[in-house]
Amino acid sequence: MRRILSTAGIEFRIALRNRWVAIATGLMVLFALVLAAAGAAPTGDVGVDRLSITVVSLTSLAVYLVPLLALLMSFDAVAGEVERGTLPLLLTYPVSRAGVLAGKLLAHVVILGIAVTLGYGAAAMAAFWTDPDAARGLPALIRLIWTSVLLGATFLGFGYLLSSLSRRPSGAAGLAIGLWLALVVLYDLGLLALVVSGAGGGFATGALPALLLANPADAFRLFNLAAADSVGAAGGMGGAAASIPLWQSALSLALWPFAALILAVAAFRKITP
Amino acid sequence: MTSTLTISHLTKRFGPVAALTDVSLTVAPGQRVALLGHNGAGKSTMMKIILGLIPASEGEISVCGSAPGSAQARAQVAYLPENAAFHPALTGEEQLRHYLRLRGEAPGQAQDLLARVGLRDAAKRRIGTYSKGMRQRVGLAQTLIGHPRLLVLDEPTSGLDPVSRRDFYALLDGLAAEGASILLSSHVLTEVEARTDQILILAKGRIEAAGTLADLRRQAELPVSFTLTPAEGYAESLMESLTGAQLLSSGQIQISCRQEEKLALLKRITGFGPRITDLDVTPPSLEDIYSHFSRRTGQ
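As given, the protein sequences belong to chains A and B, one line each in that order. Using my numbering, the final residue of the first sequence is 273, and nothing's skipped along the way. Using my numbering, the final residue of the second sequence is 299, and nothing's skipped along the way.
If you are wondering where the hints come from, they were derived from the structure by calculation, not from laboratory data. Computed from a prediction, not measured in an experiment: that's the story for all the values here. No residue lacks a Cβ here, since even glycine has one placed at the ideal position from N, Cα and C. A hint or two may mislead.
[Unchecked claim] Not everything, but these chain B residues come out facing chain A in the computed CB check (under 10 angstroms):
id, residue
1, 48
2, 54
3, 69
4, 71
5, 75
6, 85
7, 89
8, 95
9, 99
10, 188
Next comes chain B alone, as it looks inside the complex (with noise of 0.2 angstroms):
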């Protein structure tokens, strides 16, 4: 199947400045990709790219086999800006009437839409009375129109409360089971970590580390840390026959290995038997994995 979104060698120039330099990345369709960065990593710059709201300085994309910004390419793609604003003075009702009416869609699929995000009962006020979630939120209902092909999402969370946040992802999950293909970036790496396919970290305008989850825990080659309970009385012994352990103030001992070693540190361990009883093993997280990469830039 061809891909929904395509950037090869994409540079973006602001003055002297570069913004981006050689970025390339494959969307497929149903994907979910994630991108990573600091603020001013580049992150709304390549999607303002990639919407066809600023030009690129050298490099091509494709976007739904269309140029970005083309009539056919905004008629697939659907865009939620950071920190979505919407008219004061109109109701979340009519804005999303005349979005629909934007996109040729029948507007009074409108009621519907705002109930998918939760704001049926808000509908007929206006959005100057909404809070910045809700605003947030009418923002999500507007990707929804039309079955877009791609979602550009510009921290969608943000502003979110935990609970709206799980209902989001669950709302690209199903979108992304339907075949759209989702591009989002985000601060908050703990909630992109099971909900994507895809993790691209940005830093200075380059792509430092792309791949699924797995693939960028196997590149950063970051230890893995193991967190045991001794038994009564064995705490010492076991300082003893495990070097490199630290004793924790709680009483467990902590030590860490590198990825090829955590088999055979197992093994050890569970040869311990009674003298401990309990034992958690902590890979490394997208934060320990994200500041690897984004301190390799000097950062």
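Bound-form chain A, shown alone (with noise of 0.2 angstroms):
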């Protein structure tokens, strides 16, 4: 444990140093203000408060940028290691790959959690500038942030994974963005131009909620938006998270980090250095 708090440490000083935890922090600081500069115009009486409506547009942006933060942070890790040749040196220490690899993803983790609370944190204050009963959307927006961290932290371990599978930080950087396009953007347009074609009767009620949840960005939108469906904020937008159950997105959200760092570190495993 010490280890690994020690391998957090440095990596956090190191992507304080490499400006990582202000870029993080000031995109999404800044995205989130523009947001809610967006939302703050009149919208007509919808019976939400500023806040609940602020979530909503909020989880639609971190779809998008909280992958992309957590994929550009991550795809050096291993590859940069080996490019930089510090990796031979760290694997004769008394510290196991798995460590490593919890190491780096602590401080990974904890640079998103600081920059997502800062930026989400910064369009609250906006809506309680203009909205006195923005307190109620209180919970929404906590959930949204812890929310975002598990994904983050899935996309973190995908990093990983890739960094360790390419082994150069090129081409480590090119899979990233694949995957980021392919699971955040391509999937869903997939899916959704199966169900316009209407594949099968039966596609838009059985395999579709499955693949749904399986994609990790699709279940935090399936469960901040079911979540806040049920109170009123998410309107029309919720209608597909409507049908599938809560804890199912809840426990694809909580699954998918260990996955991505089980994959990732089996990928770490196969390196010879």
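Please assemble the complex out of the two chains, which come individually in their own frames, going by the hints.
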């Protein structure tokens, strides 16, 4: 445990020096404030507080931005050590490969946690500014923060996996962008195409929910929108979410970080320095 | 006392290519062993196998009584890679504190360790600003953490200036005196000559010769060379009485003989009395021995 904490401390310091902490936080705050400003336009009386509405907008933002940030922070984790030539020495130390990745993950999760908390926090402040009732949306905001951290942890694990598989930072970066496009953008488009084309009678009720749950980004969206739907903030947007029980998307969100880390450790173990 | 490192019949193949063939070696506590060989002779491969970084194809290896790369072995072995590299964004002190914690030692020793390798003033600077020699010294400092029983040093003095090299070997002598075994590889033959107990010459993945410098000299049977300075006007008469001698442009006379003829020749030369003013005896150097053994394999 001491070794994992030490690795995490060193990684955090490196991220601080490489400006990753500043970049991640700056990006999240900037985008959240832009969304808050856009959402501040008069929308008529929808019977919900401003913060709950902001959280729904933030969910759509997070589903793109959090995986991207996570992959950007993690693609270099193993490949960078291979390229710098620091890996052989590290692996002669009495520390397990799983321990090395766990330390890196801990540091990167903390950085993501800081970035989303400050980013969403800025948007929440803006909501409080215009709506004194905004406190009613606080549970949704807190839910968004911890689910964002889980989503980030999953994509950090994916980043380590790609980093271990490619062994070169340039290759890992390419794979990371590819994975982001595939899981966050193209996956939904593909599902949409299947739904529109009316593939099979039972698709929308049978395979579709399972396919949505299988993708961590979709599980994140489902969970937050379904939870928001219960307060009526998401309106029609949560339609797809309503048909899937909350516990299923929560389970998918909670299991993915472990699955991604296990895959990453398995790939890291295959590297011969 | 049991040996720190035992290798028997180690063979490593990369596909069809044999990088190491039937290598056996024992290193006792406190022993300093130098591994000599051309680039690609298998030195680094052998070290990586000892460290457990790559698996052996055949053969038995025991490191401090454990399998190479096992937790017990890693806890007792220190490694200095060729061209030691560290993250450029960290300071020397931060990097060492991390290594100390990974070995379960108090991180407060970082300053002391850096001072021992002459980096006290650079401790708070980022490693990205260090010269190659300074990075090498950070690498050395981390090998000193927590009394390792075996030090595996790959080209440890590359990038160090002559003074640092001398300090480095003094440091190694101290460690060996405390019972640590040292396995190091080097290109610089003259410096391992005086500083090691055992020399291994590796060529094309095979051990061509092993032993102390005296053993190797005997095995190689290389000639001993005598250089005489003749007194004024005696050069020609000396040349006549010494068959096979060469007159050098400096006016000195050089003659070589086999090891076992050394004393007899010396007796004859001293018999010349005042006709010679000076005499130097040069035994074959490690360079000569090394090229003798590596030539044998056709390199």
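Against the structure, the hints come out as follows:
no., hint, result
1, 48, "holds, 7 angstroms"
2, 54, "holds, 5 angstroms"
3, 69, "holds, 8 angstroms"
4, 71, "holds, 6 angstroms"
5, 75, "holds, 5 angstroms"
6, 85, "holds, 4 angstroms"
7, 89, "holds, 4 angstroms"
8, 95, "holds, 8 angstroms"
9, 99, "holds, 7 angstroms"
10, 188, "violated, 22 angstroms"
Checked against the numbered hints listed earlier, the structure breaks hint 10 alone; every other hint is satisfied.
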